[in-house]
Structures are given as structure tokens and as C-alpha cells.
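Undergrad: Chain by chain, the residues run as shown.
Number of protein chains: 2
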Amino acid sequence: MGRGIAVLMMFDSFRADSHFMSDPRTFASRSEPKPDRPTQMLPAVRESGYEIPFLRDRLRVQSAAVMWGSEATMAKKWVYFFGAGEAEGGASQKPLLGSKGAGLAEMTRLGVPVPAGFTVSTEVCAHYTTNGQTYPGDLRAQVGEAMAKVERAMNAKFGDAANPLLVSVRSGAIISMPGMMDTVLNLGLNAKTVEGMARATQNPRFAWDSYRRFIQMYGDVVMRLGKEKFEHIFSAQKKKRGVAADTELSADDLREVASLYKGLVRDMTGTDFPEAVDEQLWGAIGAVFRSWNNDRAVTYRKLNKIPDDLGTAVSVVAMVYGNMGNDSATGVAFTRDPATGERRFFGEYLLNAQGEDVVAGIRTPIAVAKLADALPEAYRALDDTQKKLERHYRDMQDIEFTIQRGKLWMLQTRTGKRTGFAAVRIAVEMVDEGLISKDEALARVPADTLVQLLMPVFEGEAKTRATKEGRQLTKGLAAGPGAANGKAVFSAVEAERRHAAGEQVILVRAETSPEDIRGMAVAEAIVTGRGGMTSHAAVVARGMGKCCVVGCGELAIDEGKRQFATGKGNAVVREGDAISVDGTTGEVFAGGIPTHPSEVIQVAVEGKKAASDAPAYQLYAKLMGWADEARRLKVRANADTPHDAEVARKLGAEGIGLCRTEHMFFEGTRIDAMRELILSDDEAGQRRALAKLLPMQRGDFKGIFGAMTGLPVTIRLLDPPLHEFLPHTDDAIAELAKASGVPVQKIKDRAAALAEFNPMLGLRGCRLGLTQPLISEMQVRAIMEAAVTVKRDGLEPIPEIMIPLVGLATELERARTQAVAVAEAVLKEAKLRVNYTVGTMIELPRACVVADKIAEQADFFSFGTNDLTQTTFGLSRDDAGRFLPWYVDAKLLPVDPFVSIDRAGVGGLMKLAAEKGRSVKPNLKLGICGEHGGDPESVEFCHTLGLDYVSCSPYRVPIARLAAARACVAEKK
Amino acid sequence: MGRGIAVLMMFDSFRADSHFMSDPRTFASRSEPKPDRPTQMLPAVRESGYEIPFLRDRLRVQSAAVMWGSEATMAKKWVYFFGAGEAEGGASQKPLLGSKGAGLAEMTRLGVPVPAGFTVSTEVCAHYTTNGQTYPGDLRAQVGEAMAKVERAMNAKFGDAANPLLVSVRSGAIISMPGMMDTVLNLGLNAKTVEGMARATQNPRFAWDSYRRFIQMYGDVVMRLGKEKFEHIFSAQKKKRGVAADTELSADDLREVASLYKGLVRDMTGTDFPEAVDEQLWGAIGAVFRSWNNDRAVTYRKLNKIPDDLGTAVSVVAMVYGNMGNDSATGVAFTRDPATGERRFFGEYLLNAQGEDVVAGIRTPIAVAKLADALPEAYRALDDTQKKLERHYRDMQDIEFTIQRGKLWMLQTRTGKRTGFAAVRIAVEMVDEGLISKDEALARVPADTLVQLLMPVFEGEAKTRATKEGRQLTKGLAAGPGAANGKAVFSAVEAERRHAAGEQVILVRAETSPEDIRGMAVAEAIVTGRGGMTSHAAVVARGMGKCCVVGCGELAIDEGKRQFATGKGNAVVREGDAISVDGTTGEVFAGGIPTHPSEVIQVAVEGKKAASDAPAYQLYAKLMGWADEARRLKVRANADTPHDAEVARKLGAEGIGLCRTEHMFFEGTRIDAMRELILSDDEAGQRRALAKLLPMQRGDFKGIFGAMTGLPVTIRLLDPPLHEFLPHTDDAIAELAKASGVPVQKIKDRAAALAEFNPMLGLRGCRLGLTQPLISEMQVRAIMEAAVTVKRDGLEPIPEIMIPLVGLATELERARTQAVAVAEAVLKEAKLRVNYTVGTMIELPRACVVADKIAEQADFFSFGTNDLTQTTFGLSRDDAGRFLPWYVDAKLLPVDPFVSIDRAGVGGLMKLAAEKGRSVKPNLKLGICGEHGGDPESVEFCHTLGLDYVSCSPYRVPIARLAAARACVAEKK
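If you read the sequences in order, they're chains A and B. Here our numbering is used: the first residue of the first sequence is 269, the next is one more, and so on. Here our numbering is used: the first residue of the second sequence is 269, the next is one more, and so on.
Note that identical chains are pooled: a pair holds if it fits in a single copy or bridges any two copies.
In the DSSO-like style, the derived pairs of lysine-lysine whose C-alpha atoms are separated by at most 27 Å in a straight line are: (1) Lys1159 with Lys1184; (2) Lys1159 with Lys1189; (3) Lys1193 with Lys1059; (4) Lys1189 with Lys1179; (5) Lys573 with Lys1179; (6) Lys1059 with Lys1096; (7) Lys890 with Lys876; (8) Lys530 with Lys425; (9) Lys1014 with Lys960; (10) Lys655 with Lys675; (11) Lys656 with Lys675.
No wet-lab data here; the hints were simulated from the structure.
Full structure from sequences and hints, please.
TA: What follows is the structure in C-alpha cells.
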């Protein structure tokens, strides 16, 4: 298998594309080997390993594996050894071995120093969870064999009193879920082996510290006893000894702690803490498998659209120790800066510490470059290794290492998470370095990450002013770029509560833990007091594309009192106070600082050439250039005003896919004319009102045609039911009565007459235009008169008149006839030709079913997926909020279908419509103008459907362009 | 072509099956010869005439005709001659010649005496209406040739001063539309020919009377001058002469009238009345073609579901005269009684009259049997002819004849319209007579006609009492059977107005005209003062299956004063007064008389054996027996109570297709428990409320299972949104607050919290059951506990639990798991096995698209076509009233899709769902429980889809059984 695929596979763990998760069965039916052709499929599966795009398909892996077993009648392989330069797996087996297991195996093969170990595959997890938490019959034997190999490689024996082998038991999902699942370290210690370890290391204190740590961790993770009571014993011991730091406790103190811990376990469980190392091992393996379904992990998967059935592998790895003295260290690092993408070895370490100390953010670690001074030889080995790994994987790596008494051990390598900005920079620079192709670069930048390049920054002056005013509260580590302001909150619950109430919040925590994920998701920014660039807060925030500052040690954050003292005078920030966060510099400010468009927006939209040297813009321009070369789908914008049209064009829109004329009716005095129309008693009155609206609409259309000269502009005729234009409250009605001279009662009567039980399914769209043709006539006249004027000005208007809510071919036929009559009349009056087309929204299931008939009347189709989703599901978007989130939580739906197109249902109807439409008119223009047009998943789906364009809000245009390019890249494989 | 087909074709003009009209293009694509196989299709088309089922397909006829022309490169034949025992067309050319033209040709071939003439085909009508009212180039020559043949056959010359040939010009649609279109008589008269006619007949008075009639008719029909001014001149002439009757005017008087008429024409039009007979002829032909699109005709077609593009033919027939003295007569008759179906020659005639006098109901005519006394020889010829015609056509014929100076001429034969009762009787008796097969009998009784056998009659005593009380106002002709009561109204407009306001009305008119059709359609019954059994009122009412009494000469009906005097004392019935009508006896009563179930209902439902000798029941039983033998679809009923279930079973239901559990919650105190449930704050409160509902539901289910023992009962779990159960008005809320002890504000808050923008698309159906599982659990428990009890009683309950509003397979999976858990728990408690199934409504487009996935979870599908129509169209049934009727009027829709399934759209999704469902489970049970289940068109569609059953309201069960049988018969052809 080629390197490119391996790298892409690794990359993709960075962000899962959710469409593979939309409906497991749908997907299965799409790509699973057909049951009736197993022999034909099998060789390919076998030879190529798992040649599945991005390897996200657990199902196929499983079914292929099952077939192997049945075909070859060989015993199933559950356990994969690695160590001493030899490994049974590699990067390509990620679905089986998990990210961690695959990385360890691959590193072993590469000759990188890795402690020996073995990985229990994800298939065992599947077996375990679906078979009442039991294991396959032959697993125990395979684990035994692998353990024997580890013993040989590490020259120690598991459970041996004299020369004990200790291991860590770690989870390892296919897609990394940092900190979500459980790990047990120092496993293999018991009353005998701890003595052996003390002898072997000649460091009884270290041995007993390891033992008490093991009991605590095992008690917490495997036995579910919690940490608190252990910590209480430990604190009591320190108090008893009158010491402050853990390190001040002696070996005997720790032996006593271990004994007290065991007593605690006995008290809480009624049984002894397990002495048998096998019992320890199987307990830990089971705990890891069970942790796949703990609440944190489930929440994380939902937030990150990771399917629940992937499962985790378990890697059992020989322990190495970074806490064996000052010749030992442990650290985590990235081969490039994950925040900015800069090409520099970037990370943190702690001398004489265990890995958990770094990740947990309990001690603020030291920059990895400093390791060159502390342990120069080990640093050289580390630096060589990181370079080797990045070259090998052809992507930025996130590595974990331990230096045990001067010797480097690599514990993990995986594709590193990064900010959107870093993703763009790394991808673009790796192309420049010749490491990857342009297509690979496109595939590595999830379209949504562009949001971060488009995100606001602080206005330069405003921030300077705030600084001068002394409002800078602190400067921490810039863990997630961007600028934000909001009200400080001190708990995830409060963040959720205020967010739900419509407030912008910034979550301030001493440090974050997986329990905070929901709060983090709704916050504008995250600020923590402790922890480094690889702390939980930093990692999660980067994944979410959030502005984030960590390690603000100056802030005395008191979560209980819901406030923090700043260390600057007596200033205290309390819950609800406004603060501002600069995630690019790490600064935190008191009060709100106005934000400001990003450099990309400045250059592209505002025409400020000065900003065009900014790296953000340079990278953006390069990447978008490649995207535009690669993509097939055109990208248009939904815009209702000349201004929006201009912005959209500057961001690369190739036309307007949806101009909602009714939005024009809500502005200023226009609503008065609209209301006059609705309240008119006769045609004469209606015509008077329409005569007022005509010039307003014409003016808008002129502006839009001007902004979009040479590009098509799709204008939808009036869509909403008329009652939406009438006031609803008594006050507003009274006001209208006064202004219009129409009696209150008449307004109320008219509103009552127009009221509907189900407005979504009522008198709207073309039903309105057909029953009230005067409105459509005015609109078509305004469109065509504007086009004539613009053309006379030497520009090139391309109007596309769109009839909404068509369900019957007869509706479109009649509406088209109406529109053409008016348009031709205008052109005849003007003695000028402007080419125009008439098409329809496809937004009703019936329209999809009879799309061939409708196509006969249509120059184009534009899928209105908002309404199509509502009608296909029978689900009101306005009402679904009461149960749709529960549906997603309860896994009835993989994702909110209003966010990402429901491929099986709504998508099935779209496919039918596209096929039927093109069966009649092979070149029928097809587009989408629902809000899904800006959703990368949906854009990809539209690409596979063969649509001509997507249309989205102006600021989503770059994202759609990139998504369209990525769809093409994905298709090539 | 066989006789059977001819007869069926004729029959079908009686009532058009509308599905052929649903979407002309859909149908075209279904049955039109494939364009790529013309040569293969053509011979069959040619040899068999037009072998299209029921010949309702104008499209195919046209395309076949076009192909003939192009294939043979022969000049197109537009005109078909008949006369002197020779005819160019026949019964099989009805689509080309119209019903009248085909009948005249066929009769000519049979040797029946028919005046010579020719028919201009319906294709000319199509050409005329689509080519700006112009004719094909070669038409004039063909008409000239045909006219020459007529002249030879009749031995007279068109326009000849000495021996003038006079003709009638008559419309003739494929499907008869009595009185809807225009006719011109006596054409060919002018200043010269009138003298010739006077000489030839030796009857100047007759000649001048004919002439003045012609001018009046032509002036009205062709020149559109109206009748009024002509009638004014005529009245003035009578006044001037001091005479009362028309017949008292002399030849000279009439000559003067003709002259005055011509002056009137000149005054009104500025041109002379046409003297040239060719000009007269073409003027009349054009008027007939134009009359196809007059308002009356359009309305009639809409009411009778006749497609607008069929067009009319024009028959030009040599005039014969029934008004040449007392040896002349004219009449209309049926070969069997069209009201009762009795086998007797039945009709009316007038001596010395023109046909129009009979049909218009101006003079009350004499029973045709009396003709045997007046003109015995002519009567014998007539009687022989009617027998011959019925034998030939193998169906009851509606004939028109004229006896001119003792010689019989037949002017028309067509399949006669009849009441539902007569349709059943004639069909059944013709089988007994060996004239037709059982299948043919089934095909001849449109399923909806059974309504008339199930319609109420007066309670015997109540009517007797009313008679004793002297409330019988009059006894007219029993033109349409049935019993009705309602408020008297005197105009069609008022009938419509009051009907719209919810009142039952009886339309009372001196006589009806086509302008009254809409009013007749909404009336419970129709009463007229003038006219016979073949008058407009009688014919139309029979077509509508209405109770109707005509010829009530005793009633002095004053339409202007909106009242009638009864001739019995001073009794006057005013608009709004209650009256009752017995359409079976012809009686009209003052006041309301309670009605009473029909004999069929008495025997079948009420078990009154006494009524089983009644012919209605006998015929019903025989026909339904044949239907049950013939059909494949099972028929179930929608029933929510044990009583409805019992009635349904007695009417032949083979199970319950839909038991709506929520209906049970609205009854009496149950709503209180339901409200308690909704207002509960916690699970304990909800459980308390549900515990109250459980025994109520269980009791209902017990009754239903008992009534339906051995047959399946599909019970739908709670469907409507909960807010439907809460009160909405302030008063009702206050009452509930008082009764429940829940504060008013809390009730309002809860109602507000539950309120929805689009309840149709809201929290209902399975969404409710999934988010509030306690309700579903209670319902399933009630179902299964009831089943257990009933089974213990020795009966056989077959519960089918139906989950509503499923759009996702995951929804059904979860709901099914819930339901099965409860059901199994109940059965385990009871230590008894009851077989049950769990299935779903298919009522959302998404469910249709993913029906294969859903089928994996379902034991059965039941199409909920009400909601499926709403969501497929994006059309709220509650709101569509504001524009749907307009849609049908404007021909955007052929028929209200809530009445008859929209085959192309909703039907397309049903087909998809059926295919996908059965692709996974070949024996998946499929049914329909929407209201369409009782619509014959929709039943036929369900048959073609291969559903297992339809379900409808109990009293529609016999109709669905017959419709199902007819679908099978139709399929055989």
C-alpha cells in the first residue's frame, strides 16, 4: 500500500467527515461487498489491506474480517505484537489497532525506539460490547503469547517478583479521542513485584510511589471507586508528615499510603485489591473497553461526529519511566506548531515526571527546545526521530516520549490536531516543500477550518487602547487563534445556560476536563489558569476551532466564588463581567473590545491591499487558487441586497443562487406598501400598492445585477404567506391602523382571514403567485426593467426567474406563461433583448417524484432543501427544536437534517429529481439554494449528485469552494 | 370488434372513471403506443378499431389517427356519412363521432329508420379550438360531398327553393352531456325555401312556424342574441291577435313574426339574418364547437369528471317533424325504467310536437305505452326497434324518436343514464337473462352507486303520520329514489349559500336548467313543478344519485317570491321552511320527516330479516356475492368503537384497518384523565393519569377484538399532538382549572409550551410515543390485556400494533422494541400466548424513500394517504380550502387529491414504498387506511399497486368491495 494512502488515512483521524456516519445501513449498502460476490471481492480486500477511502468504515472491515475467517478457516487474530524492531501491524491497520496501536507498530518497524507491547484489536471491543462483555475464546491464549514476547523483548517477566515487567494498558480508538477514555499505568505491581522493582531500580521510593499510583488509578478506572477518597488518604499522609510536596514523602510513607489504599479498596468493595497480575491485566482491558461507552466519550463522539460503533483497541505497553530522576523526562510535542502551523519542533516536557503530569496540566511544563540544554543527547535523538516521523507520515505528528535514565522511548505518534489556520499553513507549506501534492493539501484542510481565516480579529486601535487603559489582565499561552468577547462564566453549566439565553460567554476555568466539553462548545472562547499547549483545554479548543488562552497562572480563578482576581491591583472579574480574549497573542482583557474583520476579509472584501502581505491572506489565496482549479461545482451566494451580492462576488461567488424578494419587502417603509397591498379591497387598490413596490424592487435588482454583471442571478418570486407581513400584536396593529387609516378591526379581520393552521403548508410560494397574479407580474416587471436599465449601462445582467414551491407541472406551466408574458412585454417596450430563464425551486416531495414533467417547463431546478427536508420528514423546523436534539442524542438521527442533508431520505428524493429532470433535459441546470449549500458535507453530496452549483451565504462561499474541491479530490480515489 | 366491447364502451359513457383524466400526460405515458414502436402497434389499432379500455382515451385515438394519415398519406377523413342503410362509421367510432353520431351510424347499419345525415368528427373540434377557430382546409369539400349524399338519400336539396332539404345541427360528445351544448333545428330555411316548404307540405302555417322557430333558435344559439327579445315579439304578436295559444296564430301571423325577427336581428347586429343556407350551416357548426367551452358545459364536465379535451362532434341530420299534425309525434324513451331498473319500455311522447318540447319539460308528456292507442302501427315499429337496440347494444338504451305523418324515425340511441338502484337491477337482471356476464355486470355498476342502496328511507310510521296529519303537499313523478329532508330554497345560489353555511337544503324550482347544476349538486333533493321523467332535472338528478321529484304541477312555485303555494288550503312554503321528499314515491311533505336506514342496512346491519325479501336487498346480496368472488383486495374498516366494528363486520369488513386510539380519549371523562396526564409535573403524576386511562382503553379494545374475532385489528398508537387535548378558550380553561385544581396560568403556560407553528409537522405520531414512552406503554398494555381477556373468553383476537408517522427506520426499531417489551410482559403475566404484529403507517415521503430499511422493522405497512398527501404536496388539508378548489377550477389539478389519490405524485411514492418494502420482505402486508380507502378510484389504484387490503369507514365497506371487484374485472381486459 502506498504512502499517500497511509498519510491520508492518518490525516483523516484529525476530523471525521460525518457523511459516512449518516446511516450505517445506507453506507453499508453502498460500499459493502455484495454478499453474492464474496470471492470476487476478497482478493482485492486482502491484497490491498483495507483500501477504503479514509478507512472510516468499520463495517466493511468487520465484514471482510468475518469472511476471511470463514473462507480460510484459520483462527482469528485478535492480538498484534510489536517490539524489538519487529511488529505484526502497521499504520495501515488503524481500524484494527486504533491510532495508538498502529502508530506504535509503525514506529517499531521504522526502527524508532518503542517499548515492546501488543495491541488487542478493535474487533475484540466489538465482540466484548455485543456479547455481554465477554471475550472471544482464543483471546486469552493470544494475549499470553504476546506477553511472552514482550517479556523476551524487555528482558523482564510479568508478575515476576525478582524482575517484574510492568505495563500500561491504554485505549486507542481509530479516531483519537484525547483524554476521553481510560488508561492504567504501572500495571503488574503487587506486594511482591513492588519489592522486586525497588531492588531492580535501587529506588524503593520510586517503586512504592509507582505502586500507590497504580492502586489509585486502578481503583478509580477499573474498580470505579473514584479518586477522591484516595486523594484524601494521600493528603492526610502529607499532613501527618508535615510536608507540602508529594516528593517529600519517603518510601515508607508511600508504602503506608499503599497499604491504606488497599484498606480503602477492601472497605469499599469488600474484596482485596487484586494481587494476581493477570487479574489486574484483564480488569484493565475490560475497563478500557467499557470506557468506550462512558458519558464523556459518547459526548465527544457526538460533538465530533464519530460513529459509536468504531470501538477502541487496547494497547498493552511495557512501562518506561520519565520519573526516575533528573536524567529522566517525559513530554509531548508536535513536529510543527499546531496553533500557527509554523515549521518548528514544538512541544513541552517535564523533567522527572510521568506523562500524565504534562497532559493533565498540573505542572506547567517547559518548552521542548530547552531539553537540548538539559539532556542534549536525548534531545538529539528526539529531534532526529520527530523529523523521521514527519517525513514518514508526510504530515505533522503529535508525539509522546519518555526519557528513562537518558534513553529515549517513543510512546505515541499520531497526526496532530491543529487549528484551522495551522491546517492551511501546514498543507500549503508541505506542498511548497514538495512533501505532498496540491490534491493532498486540499484533502487535508476540512472546509470548515477556513472559518478561522475569516474570523474577526480585534480592531488594532481598540486593542491598543484597551492595553493603554491597563485593561490587559494577563497574557497566557495562545492555544487557539481568533478574537472574542463575551461575559465571563465559571462553569460549563452556566455557559450552557447563558448561551441558551442568547448571551455570548467566555468560559473561564482553572483547568478544563472532559466534563466541560458541552460548555466549551457553546463558549466564544476558553481561558484556563493552568496547563500548557497540550492541555485538555488547548487540544479540545483547537479541535473546535475556538479562540483559547491557557496557562494564565496570574489569574486566581475561583470557580466556587465565580470570579477571578487578576493579580493587578484589586481588580476582580465576576461572573457576567465582560472580558475579551485574543487567542492569537494569548492576551485577556477586561471589558469588551470590538472585533474586526480578518486579513482575508480586509483584502478580499474591503479591498485593503495593505493586508495582502499578511500570511493569512497569502495562504488563503494560494489554497483557494488550488481549490478553484480542482473543483467542478460552481459556487453561488444567497444574497438579497446589492451589498451582499458585492461581498459574495469578492469572496468568489459565481452568481446569485437565491435572491429572496420578500426580504426586500420587510425593509423600512416597504412593509407599509406591502401591508397596503394586503389590506386592499379591490384590484385598483392592489395596483396602487404594487406601483409603490415596483420601483423599490427594481432598484434592488439593478444593484444586484450590477454587482453580478456577467453572472447569473436567480430571483425567487414572493414565497411566504401574506400574513407574515401583517402585524400580530395589538400595539403594532393599532400603529398600522393609525398610519394606514385602515380600521383596527379590519386589519384584525384580514389577519384572521389569512391565518393558517400550518403556514408551512399553506398559501405561499407559487400558490400565492398563481392566485394573486398581480404580485408576480409586478415582480417580474421589476426584474426585467432592472435588467434592461443595467444592460443599457453596458453591463450584462443574467436574470433567472425562479418559481417557488412548485408541486405540479401545471403550476409551473402557468406561472411560466405569466412570467414570460410580462417579461416579453417589458422587453418589447424597451426594444431591447435581455436573455432570461425561468425555472423552479424543487422543495416538495411531489416535485421530485414528477420532476420529469416539471422539467419540461423549467430552464433550471434549484433544490430548496430547507423546505424539502421539512416536507420529506414531515418536520416543522420551527417546532422540531422540542424533540430533534433528543433524536440526535438518542441516535435516532445521526445529525440534524437541517444542518447536513439527510442523504438517504431527502438526498434520495434529490437524486430521483435530478435523474428524472435530466432524463427529459440532459443539460438541465441543477443547483441548491437551501442552507445546506454552505455545509461541507452537503456540498460533497451535491457534487456526487452531479449538481451544477451550490449556493450559500456570502461568507460561506470560500468554504463551499474548498468543500467542492475536496469532493473532487475524494472522487478521484 | 366484439359486441362485449361495444356494449361496455357505451355503458361507460354513463359515468366516466376519472382516473383516466387525472393527468393526461401520465396516462399518455402509460398506455399510448410507444413512439419507437409505431409499426408494431398500428395493425392492432387498425384491425380492432380502438381497443382501448372504455375508449376514454382521446389522446390515443388522436395519435393513432395521425399515424394513419401519415402512414397511408391519404387525405384525412373529417366527415362520416350515414343514411339509406349505409353508414361510414359505427358504434366503435364513438371517440370520433361522439355518442350521437356513432349511434346514428350504428342504427343506420342495423336497418333502423334514421334520417340521413353526416357527422363532423371530434378531431375537427380539436382543430377548431386549437387553431383560432378555423377549420381544416379540406373540410368544406368533405361536408359538401356528404351533404350531396344526404340530398340523394332524402330526395331533397339543401337550399333548393322547390324541394328544400332542412337539417338539424347537433352537438355530440363522446360522453353524453344532456342539454349542455347547443343545437339548431330547421336549418336551411330562408325567404325562398320557406315558400318551397309551404308548398311541399301543403302547410304554410307549419312552414312559417318552422321558419320563425329557426330564426329565433339561430339568433339565440349562433348569433348570441338571447331568447328574450324574440319571445317578446312573439308574445306581442299573440296579444295583437288576441290569442292565448301559439297554435292559434295563423300562417300570416307567423310570417309577420319571422319578418319582425329578421328586423330584430338587423337592429341588434347591423347585418341581415343569413339567407345563404351554407352560411347558416357553417355558422351553426361553429356555434356547436364553441358551445363545448361554454360555462354550463365546463361546469358539467367538472362535476362529472369528463376531460376538457375530448371535444364534441357535430351531427348534421335531415329534419323530420313530429309536429306535422296529429299523425305525428315525438318522444324519448328508455328500454328499461331508468329510475327503478324495471324491465319495461318506459318513456314519454307528445303528439304534434317537436322533440325539444318533451325534453324541455314545457308540456307534460304522455307515457309512451299510450302511443299504442294513438298510433298503433308506429308504436309497433317503435317497440320492435327498442327491443332490437337493447339486444344489439346489450344495455339499456335511451332513445329519441319522431313519427312524421305515421312514419317512425329514430333520432338517437345511447346507453341510458340510470339511478344507482336501476344500475344494480339492470346489471343483475341482464345476467339472469343471459345477456351479459357477471364480470360485465360488475363493470356496469360504478361502486359509488351502491350509496343509493344504502341511503336512508323514511321511517314507515313517520311518513304515515305525516300523511295522516295532512302534511303531504303533492305527489309528482318519482325521478330519483331516496328520502330526504331539508330547508326549501328557490335558487341554486341560495342552495349553495346555505349549504356552505352547513344547512341541508332541498332545491325547489319551476324547472331546472343547466345553470342550476351547482345548486343541484349541493341539495339533498330536487323538486320541480314542470317536466317529466326525462326533463333536465330528472336526468341530472339521476346522474348525481339524488333524491328527486319532478312535475309537481300542483305546486305554484314562485321563484321570485321564494315560496310555493300548495293548492291545499292556503298553505305556503317559504324559503327556509322544512320539507321532506320521497324520491321513490314522488311525494313531497311539509316539515321534516325522520329518515330511516335502507332495507340493505336493515337486513345486513340491523338484522331485520323481514326486509330481506325487499328487491333492494336481494339485488345487493347477489351483486355483492359476485363482487366478493371477483375481488382480490381485502376490505377492512376504520373503526374506533365496538359498535362501529360490529357494523363494519356486518357490511363485510374483513378486519379493522385503523383504530384511532386518540378518538377514545375525547369521550366523556376520558379527556379529563388525558388532561391530567398532560398537566402532570412528574412521572408519578403521569402514571396516575395513565392508570385511569388504561382500563378505559382496555375496555374499548376488548369490545373491538370481540366484534372482530378471527379478523385482524390494526390499532394505531396515539397520533395527534398533545395540545389538541387542552382547552383553548378562556372559559374552557377556567372550567378545567376549577375541575382539576390546576391554576389557570399553569394550564395556559402548558398550552403555550405545547403550541406549535405547524402542528401537522410537529411533536406527534411516533415522536410522541418515543419522547413520552409511558403513553405508548399504557396503550400497548391496554391492547394486550384486552387481547388476553378476549382470548380467555374463547374468541380469537388478532392485534396489529401500528406505529404512526415513522420517517426513520430507527424510530420504528425503537418503538417496536418498546412495544414488544410491554406486550411480552403482559403475555408473561397472563401465561397465555396471543399472536400480535407490529407495523407502521407509511405517511411521510421519507418513509417511502427508505421503505426497505423500515420494512426490516415492520410486520406490515399501512399507507396513511391523508398525511402522505399533505406532506408530498406540502399542502395543509386544514388550510388548502382557500385555494385548492380554485386549483381544480383552474385545472391545475384534475381532482382534489384528498378525495382521490394523486396517482403520479403520492401514488408514485406509494409505489416506491411498496416495491422497496417487498424487496426486503416479499410477503410484507400492505394496506391503506387513509380516507382514500373508500374512494373507488383510489381502491382501483390500490389494487394495481398490489396492496393486500383497503380500509374505509364502515358504511363505505360495500362500495370498496365492489370497487375492488371492478378493479379485477378491469384488469382482466
